[in-house]
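Asks: Here the protein sequences come in this chain order: A and B.
Counting from 1, position 114 in the first sequence corresponds to residue 114 in this note's numbering; the numbering is continuous, with no gaps.
Counting from 1, position 482 in the second sequence corresponds to residue 482 in this note's numbering; the numbering is continuous, with no gaps.
Since the hints were made in silico from the structure, they are not lab data.
Note that CB positions come from ideal geometry on N, CA and C, so glycine has one too.
Fair warning: there could be bad hints in the mix.
25 Å max Cα-Cα, derived SDA-like pairs, lysine to any residue [claimed, not checked]:
1. Lys219(B) / Glu154(A)
2. Lys219(B) / Glu65(A)
3. Lys219(B) / Arg211(A)
4. Lys219(B) / Ala10(B)
5. Lys219(B) / Glu189(A)
6. Lys56(B) / Asp194(A)
7. Lys217(B) / Ala103(A)
8. Lys948(B) / Arg928(B)
9. Lys56(B) / Pro209(A)
10. Lys113(A) / Lys683(B)
11. Lys217(B) / Lys113(A)
12. Lys56(B) / Arg213(A)
13. Lys219(B) / Lys113(A)
14. Lys217(B) / Arg73(A)
15. Lys217(B) / Phe77(A)
16. Lys219(B) / Arg73(A)
17. Lys219(B) / Asp194(A)
18. Lys113(A) / Ala10(B)
19. Lys217(B) / Arg213(A)
20. Lys219(B) / Arg213(A)
21. Lys113(A) / Pro29(B)
22. Lys219(B) / Arg60(A)
Derived, one-sided and incomplete: chain A residues facing chain B with beta-carbon distance under 10 Å [unchecked claim]:
23. Asp45
24. Val193
25. Asp229
What follows is a list of derived Cβ distance ranges for each label pair [unchecked claim]:
26. Asp365(B) / Leu241(A): 26 to 32 Å
27. Asp151(A) / Ala220(B): 28 to 34 Å
28. Asp3(A) / Ala964(B): 27 to 33 Å
29. Ala730(B) / Asp151(A): 49 to 55 Å
30. Pro155(A) / Lys931(B): 37 to 43 Å
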Amino acid sequence: MTDLPAATDRKLGLVIDLDTCVGCQACVTSCKEWNSGGSMAPLTDLNPYGAQAHGVWFNRVHAYEHGCTDGGRTVHFPRSCLHCATPACVTVCPTGASYKRAADGIVLIDDDKCIGCQLCSWACPYGARELDPIEGVMKKCTLCVDRIYNDNLEPEDRVPACVAACPTGARHFGDLGDASSPVSRLVRERGGVDLMPELGYGPVNKYLPPRPRAAGTLQAPAQALAPADPAGGFLGWVDRLLSD
Amino acid sequence: MTGRSAANAAPTQRPLAETRAPSDPGIDPCPAVSDAVHRTTCYMCACRCGIKVHIKDGQVRYIQGDRDHPVNRGVICGKGSAGIMQHLSPARLRKPLLRTGARGAGEFREIEWDEALAIATQRLARIRAGDPKRLAFFTGRDQSQSLTGWWAAQFGTPNFAAHGGFCSVNMAVAGFTTIGGSFWEFGEPDWEHTRYFMLFGVAEDHDSNPIKIGLGKLKARGVKVVSVNPCRTGYSAIADEWIGIRPGTDGLFVLAIIHELLKAGRIDLDYLIAHTNAHHLIIRDAGAADDGLFLRDPEGHVLGWDRAQGRAADAGAADLRPALTGTYEVDGRACTPAFQLIAERYLDQAYSPDAVAACCGIAADTIRRIAAELANVAFEQAIELPVAWTDCSGRRHASMRGRPLAMHAMRGISAHSNGFHTCRAIHLLQVLLGTVDVPGGFRFKPPYPKPPPAGAKPCGKGGGRPDTPLAGMPLGMITAPEDLLVDAQGAPERIDKAYSWEAPFAAHGLLHTVIANAARRDPYRIDTLFLYMANVAWNSAMNTTQTISMLTEKDASGAYKIPFVIYSDAYFSETVPYADLVLPDTTYLERHDCISLLDRPISQADGPGDAIRVPVVTPDRDVRPFQSVLLDLSARLGLPGMVDADGRPKYRDYADYMVRHERTPGLGPLAGWRGENGDAFGKGAPNPDQLERYITNGGFWHHALTAEQKYYKMANRAYLDFAVAMGFLATPTPTVFQLYAEPLQRFRLAARGHGAVLPPAPQREAIARYFDPLPIWYAPFEEEAIDKAAYPLHAVTQRPMHMYHSWGAQNAWLRQITSQNRLFVHGATAARLGLDDDDWVWIESHHGKVKGQIRIVEGVNPDTVWTWNAIGRRRGAGMLDHDAPEATRGFLLNHAIADLLPPDAAGRRRLNADPVTGQAAWFDLRVRLRKCAAAELAQSAPQLPPLKPPPGTAPNPRSLGFGAHFRARAGETTP
């Protein structure tokens, strides 16, 4: 089927902080908005004003409740293409439409070659590929390949749309193949994890797990407050203090 | 001139160092994005973020956050990025409409603007010449209230307000009364320096991006975030500690914390003496007309007890060494410092953690621990900024001491019948800990603080006179019964009964009472209801089903009880079919606006700011921006200030007004680039090039305070002088925090029979009880009025972050994220009731019932159920297909929320509202759940008849391929 590059020069990807994500959907709609006019345009919406409206999205956020020892959490989980090192979605592609770039590791679809057979969406365990039923082709996250190198944009804007939009700053971008890059350092510092590493696809994107429910910067473990003046009471304490 | 640095600028959020694109024949890495970029202000919610709108081929290609904008600093929320779909919504109105069938039947004919404006003018001119108060003019999330309120004043009707009365007036009035500022629009946490952050009742809301940016910053610094909220969603989901409080008990929780802090002496006495009325002497003379008022000298100065000299002296004197405790005799009268009363009240065991724990649903040990943590941060982790400053008494301070503890509170506090006092309790807690406008604490945004009650008095007493403007704005702050808008018998003078004995401090009016009062002709009949972007026939109404029917009620003569309804909105909302005349507004990308310092500006704690909207695309429909229409109407009506001496329109349109209008000489809607040459700000002559200067600067103006002006703004000479120069304050008067609120005591004295303006007998008991000058807690009214065992659950709502404060349920993208609201039920509660996930239930209140589908969750207070609000729509509204889940499966809880409480023993029905402010008590709702029978339809209820679309409506598309035409294919040349 379709070959993968033996290695890539860079491993561009996202780092997503599950400790900070509030589930606001900013990354979801900013992605939809940019890419609706971007290199995979359009991101068709079916029945947009009726029942079962559904369209093509490159990024979705799911909310889960998770029982854990410190009393349970609500976790918001953004899900998009992880730009795997060895993506099955590429190797199953019968036409060579899906490909992984040797230069930066981004997984893309050439929609002139795509026949919409959906083998790739069956192969991807992360649910990152979506069929555009009107266009008859598969679509997915491009890591905003038409932004990150785009000299028609102001330099600061040459990051994926989701990273620029995220109001809590929970999304990060960079070269995860370079151990000295800021994102690689962030992943090390925060114990970033792969999603379902046991499947062996080597996802490039990393997730930073929610931090333990700690006391934050509180230096002293707070104990219940003791009375100001067991003998004279609080008002006596005030008087004494003001008389000093 | 930019605001603050961009938000997402960490090394992990920057572009690649090497941005030369790899060779790839399949992809054009450098497509041209746009032909033009316009910077304007978002209006997908009330947050007022800066956006850059990319236009390609004359269409909106892409909207991004503006990095230079002080509010959002480059980020953009889920709504903001979906603005394209709002702008292109099929629900946009196309042309003025005149009703042709029965009201509510949705039969209209399209008319020309000249005809529409002539109809409105004829009607309004007649009202104005006869009895101007027969016009009730109410707006929704209106960001032009400095115009709309002024228009009402010039028209001469007191019957004006916007949506604050059912949103957050408790927060505004409690803040203005106590600290001379308020949460959100007039204050913010010190995100840079705080080391502990506590949120009360903040759902996904108020405000959007600044809180999210701030939380991200706190998380990065490892700051502890505590969220007090019945629901564990959004911000509560990422909090280090979620306290799933029982709704309506936050005040009790806060007062128990205060109990602990007082008992332990963990309060900031120096701060209290310097910045509050804690030492002001209060007359203790039960039965006297001035009992509980401050002791004043003949010149009117409030007195304190000087311990050094053993006598009463001016409480504001810098050298006073005041007593905080004790009782003193001055001129034969017993007096006590306010602080003594505070201590006596909250040291009472009734406020101990053990006493409140069960009511709040919070373990007493948790309350004690939180109190200890707050004290630890405030006192053991105090910070100093090396910034010298001079206080209002001329004392020089070498540094700024900070107590790095910040709090924020919003709707969950506000929307209860005890919300005013609960918000006061939170401010009391902040002030006792010395955390207001200090480094690390809660900070004011200019033009605040202002000395409480922070605002002019409302005008319209007597109800207005023919062809005569009011003496000032219809909304404001009152301080004494004499300020009420009531007649000699104590009856309300406004149609919404704001500033009456039923809602004395109703500073934002009571939009939620207007339709019922008008239909009942109580207190009087009106002629015309003029509404702007307020969906009063749906989610902006309590008791929605009956409110809708009131819009069509007729009297014995067959005439509508509300004779005429004029409505302006950009979209086909549930309210449109109930209008007689529809004036279609533009979308936010097609209009001018100003986000003015005269209203709710974009100021940050670091400095004042304001902003504009500019049209970035031209309407493709026959619609006009509402504010320009309002100015057109005023010229046709010849309203003073809006026509020149010859009666010709003074302003061409809203943009012209924004530049040339002066509220007082030199003070206009926009503060930046004033003066003939544009070199002044704050005050200055109108500058004809002002809008150009705004546009060049990105659509906003922001002035950075100096380091010396940034904190202690309540008593900082450098800041106060600046505030006077800007016109924020008339004199450099410090703001003294009113822990003891004397205006409330004046109402209580009236209830005891003192003074010239007295409450009618049936209202005296309530006024005496609820106008306590110190914060109190009482159970929310509804649960006191009903059988709690019969309605055992609290029911509250939030809106999802991607729809908060927005018109989202018709947005093609946002509705794919949420198109059906569920009722969220705690697992244990569901098990007890025999409910399974996805079951349909009847949600029954004392007032009504609604049918919806449940979802079982764990992250909710077990005594509470909740849902996403305003997802459920009436069939046909928003131009959604009739089978849209919003209509078939979504539900609106408002149908079960009463506007009036059940009758009391005397048969009277009080407002389901806060008794001080009239704030709608949405979250007081109590319900029971009843599982639907298997035979019942899996469909929400009530199902009202579908709305008929307006004329000329095209069928909805079956698919949208928006953006395809923007795509640059590889190999094609891009311009």
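Asks: If a hint holds in the structure, say so; if it does not, say that too.
Replies: Cross-check of the supplied hints:
Straight-line distance between C-alpha atoms of Lys219(B) and Glu154(A) comes to about 29 Å, which puts the hinted pair past the 25 Å bound. Distance check on the hinted pair: Lys219(B) and Glu65(A) sit about 20 Å apart at the alpha-carbon level, within 25 Å; holds. Annotation: proposed proximity of Lys219(B) to Arg211(A) holds, straight-line Cα distance about 10 Å (limit 25 Å). With a C-alpha separation of about 14 Å, the suggested pairing of Lys219(B) with Ala10(B) holds against the 25 Å cut-off.
For the proposed pair Lys219(B) and Glu189(A), the alpha carbon gap of about 14 Å is at most 25 Å, so the pair holds. The hinted pair formed by Lys56(B) and Asp194(A) fails the criterion: a straight-line CA distance of about 39 Å is larger than 25 Å. Distance check on the hinted pair: Lys217(B) and Ala103(A) sit about 34 Å apart at the alpha-carbon level, beyond 25 Å; violated. For the hint linking Lys948(B) to Arg928(B), the alpha-carbon distance of about 34 Å lies beyond 25 Å, and the restraint is violated.
Of the pairs offered as hints, the one joining Lys56(B) and Pro209(A) is violated, with about 40 Å between alpha carbons and a cut-off of 25 Å exceeded. Between Lys113(A) and Lys683(B) the CA atoms are separated by roughly 64 Å; this puts the pair beyond 25 Å, and the hint is violated. Distance check on the hinted pair: Lys217(B) and Lys113(A) sit about 45 Å apart at the alpha-carbon level, beyond 25 Å; violated. Of the pairs offered as hints, the one joining Lys56(B) and Arg213(A) is violated, with about 47 Å between alpha carbons and a cut-off of 25 Å exceeded.
Straight-line distance between C-alpha atoms of Lys219(B) and Lys113(A) comes to about 45 Å, which puts the hinted pair past the 25 Å bound. Among the hinted pairs, Lys217(B) with Arg73(A) is consistent with the structure: their alpha-carbon atoms are about 21 Å apart, no more than 25 Å. Restraint check: the Cα-Cα separation between Lys217(B) and Phe77(A) comes to about 20 Å, which is no more than 25 Å; the hinted pair holds. Proximity of Lys219(B) to Arg73(A) is assessed by CA-CA distance (about 16 Å); at most 25 Å being required, the pair is judged to hold.
Simply put, Lys219(B) and Asp194(A) have alpha-carbon atoms about 22 Å apart, close enough for the 25 Å limit, and the pair holds. At roughly 38 Å between alpha-carbon atoms, Lys113(A) and Ala10(B) are farther apart than 25 Å, so this suggested pair is violated. About 17 Å separates the Cα atoms of Lys217(B) and Arg213(A), which keeps this hinted pair within 25 Å; it holds. Between Lys219(B) and Arg213(A) the alpha-carbon distance is near 12 Å, which keeps this suggested pair within the 25 Å criterion.
For the hint pairing Lys113(A) with Pro29(B), the CA-to-CA distance comes to about 19 Å; that is within 25 Å, so the pair holds. Distance hint between Lys219(B) and Arg60(A) is fulfilled; the C-alpha atoms sit about 23 Å from each other, no more than 25 Å. Annotation: interface hint on Asp45(A) holds; nearest CB of chain B at approximately 4 Å, less than 10 Å. For Val193(A), the interface hint is violated, the least distance from its beta-carbon to any beta-carbon of chain B being 16 Å, above 10 Å.
About 7 Å separates the beta-carbon of Asp229(A) from the nearest beta-carbon of chain B, less than 10 Å, and the hint is met. Against the hinted window of 26 to 32 Å, the Cβ-Cβ separation of Asp365(B) and Leu241(A) comes to about 28 Å, which satisfies the hint. Checked against the hint of 28 to 34 Å, the C-beta distance between Asp151(A) and Ala220(B) comes to roughly 31 Å, which is consistent with it. The hinted range of 27 to 33 Å is satisfied by Asp3(A) and Ala964(B), whose Cβ atoms lie roughly 31 Å apart.
Remark: the range hint 49 to 55 Å for Ala730(B) to Asp151(A) is upheld by a beta-carbon distance near 54 Å. A hinted range of 37 to 43 Å is violated for the C-beta pair Pro155(A) and Lys931(B), which are about 59 Å apart.
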